[in-house]
Structures are given as C-alpha cells and as structure tokens.
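Enquirer: Here is how the chains run, residue by residue.
There are 2 protein chains.
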Amino acid sequence: MTAEIDVTFRQATIDDLRALIALFADDPIGGHGDTTDSSALPAYASAFAAIEASPNDLLFVGVLKDEVVATAQVTFITSLTGRGTKRMAIEAVQTRADMRGKGIGAKLIRHCLDVARERDIALVQLTSNAKRQDAHRFYERLGFEKSHAGFKMRLAPAST
Amino acid sequence: MTAEIDVTFRQATIDDLRALIALFADDPIGGHGDTTDSSALPAYASAFAAIEASPNDLLFVGVLKDEVVATAQVTFITSLTGRGTKRMAIEAVQTRADMRGKGIGAKLIRHCLDVARERDIALVQLTSNAKRQDAHRFYERLGFEKSHAGFKMRLAPAST
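Heads up: the sequence lines are chains H and W, in that order.
If you're matching positions, the first sequence starts at 1 in my numbering and goes up one per residue.
If you're matching positions, the second sequence starts at 1001 in my numbering and goes up one per residue.
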C-alpha cells in the first residue's frame, strides 16, 4: 500500500462543470460522445441544472489540491418492493485518467456508501459496462455482488 | 398470436396499494421479503408517499377488468455523461402470476417506452436478476441490449 491519498469529496457546483466535462471526454470505453468543445457546453449546463434541481440526486466531486480528479452521481429511489426499499443508484463514476490506480475511485465509492448509510439506504446499486472487467473486480472488492444483468436501450431523438 | 389482451395503463393511486403489495408478495425469485401481512402496510404506505412526492418517479399499474395485473416504476435521471443524457430507469416490474404469458409485460414495457419518448429520454435502462433468464430474453426481444453487469450491495440497517 502506498500512503493514503488526500482526496476530499463535496457536492459539485457550477464552477466544476468544465473540469467534469473534461473527465468524461477523456473516457474511451463508455462511448458517450463527450467533448470539451464549447458548442456542447449549453447541453452540459442544462443537465447540471436538472441534477441540481432534483431533490433525489447528488453530484459529488473528488478534489485533490484544488483540482477535480473524480466524480460520481447518486440518485435516491424509493420502491415498493422489499417492504418499501430505499435505494441509491450510482451513475457516471469517473476518475481522471492520470489519477487512476491511486485508490481515489475506492474512496469515492466509500463516500457514496457513507452518504447512503446516513440516509438509511438499504440497497446500493450500479451498472458497469460488460467490457469493463477491471471495474467489475473493483466493485466486487468493495463488497458489491454482481447479481444482475444490465439492459440498455437508446431511443432515437424525437423528430421536431 | 392470441387476441390482444385489453390491458390499460395509468399511474397508481393509494387505492392500488394492497393490490400492488400482493403482486410483489407473490414473486418467489426476487427474495425481497414482500408480504401482504398488515403489519407491513405502514412501510409500503410510506414508500408509496415517497414515490408520489418525487418529481422524477412515476408508478404505473396495468389494469384489466378493474383489477391491477401488472406494475412498473420509472425514475428519470439526468446525467452529465453523453452531453447531458436524460435517462429513464425502470424498476420493480411485475405481472400477476396468473396473468403471465399473455403479453401484458411487453405492453407494460412499451408503455414505459412511450412515456420515455414523450419526455425526450435518450436512454432507457433496467437491471434484471441474473437468475431470470426468461426475463433476459424478454427484454432482448423488446430491443434492449444486455450490455452491462448489475452490481448490488445491501447495507445493514442503521443502529438506533
């Protein structure tokens, strides 16, 4: 083990937006078409506003020496099943490319789990692209069980 | 193909709660511990209130001859990835045991997809227990891609 890295976590603000976009634009596997091109900035700003306005979403950033080095979004979902289970879904987990392998991702997920416990969440869930075998081992080491298959469907943009 | 079954879909109301609990209590695979025992009713009523209060959740019921025969919950999640993707997550999909194999589940999911299109959702996602191979084929027939692995972690109830 190397020395513990001194990353701290807090909720994102609009001032973090460009750094967050850069994190996602740097990800080759997800294939989400993210870009730091300024033409896309309004779409990101609109999404940020929607997340901030949602009472059931929190967007976290990991900060090291005043720089955003990681992020994750959590969504709280109450469902009827399991006698009314309170769940946390974790989405859009990312560590900056040059900051991987330092334990930042594990600290980020543990931060999400701490928040879940504070809010009396019974079940934490996430999906990971089937291609990301390293990520699967990472989540299993953290105590997650790969118990489900994740299905996605892209919908065509509405014609206007 | 048999004749199309005449199921209709609408948002659930509190009057549907007992029928919804009975649907979930009848599911042997999920292992969610659901029960029609009246001691659990307050927990379900509290969950129903949380879903109803959430601006990002809708709980649907499928109704046939004035009886609730199916249900699904959808959650709208905006994320930064993909230039601000609007997603719909589908959870807690259930068809009444004696009503399976009649195409009700497919109609239910298509109803969710219709709602997604109305709301300009780009990506619809769900997870299904790895044991539910029939469900996996069902979702693939409907056009979903099994592209992800789904991870879950149960948290112990907070000590009080």
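No lab work stands behind these hints: they were computed from the structure.
In this text, all values refer to a predicted model and were calculated from it rather than measured experimentally.
A portion of the hints provided could be inaccurate.
Here are the simulated lysine-lysine pairs, DSSO-like style, with alpha carbons at most 30 Å apart [claimed, not checked]: (1) W:Lys1086 / W:Lys1146; (2) W:Lys1065 / W:Lys1102; (3) H:Lys152 / W:Lys1102; (4) W:Lys1146 / W:Lys1107; (5) H:Lys107 / W:Lys1102; (6) H:Lys131 / W:Lys1065; (7) W:Lys1146 / H:Lys86.
Enquirer: Work down the list of hints and note, for each, if the structure agrees.
Expert: How the hints compare with the structure:
Between Lys1086 of chain W and Lys1146 of chain W the alpha-carbon distance is near 19 Å, which keeps this suggested pair within the 30 Å criterion. For the suggested pair Lys1065 of chain W and Lys1102 of chain W, the alpha carbons sit about 15 Å apart, so the restraint of at most 30 Å is met. Distance hint between Lys152 of chain H and Lys1102 of chain W is fulfilled; the C-alpha atoms sit about 24 Å from each other, no more than 30 Å. Under the criterion of a C-alpha separation no larger than 30 Å, the hint pairing Lys1146 of chain W with Lys1107 of chain W is consistent with the structure, at around 20 Å.
Distance check on the hinted pair: Lys107 of chain H and Lys1102 of chain W sit about 47 Å apart at the alpha-carbon level, beyond 30 Å; violated. A distance of roughly 45 Å separates the Cα atoms of Lys131 of chain H and Lys1065 of chain W; the hinted pair therefore is violated under the 30 Å criterion. Taken as a hint, the Lys1146 of chain W and Lys86 of chain H pair is honoured in the structure, with Cα atoms around 25 Å apart against an allowance of 30 Å.
Of the numbered hints given earlier, the model fails hints 5, 6; all others are met.
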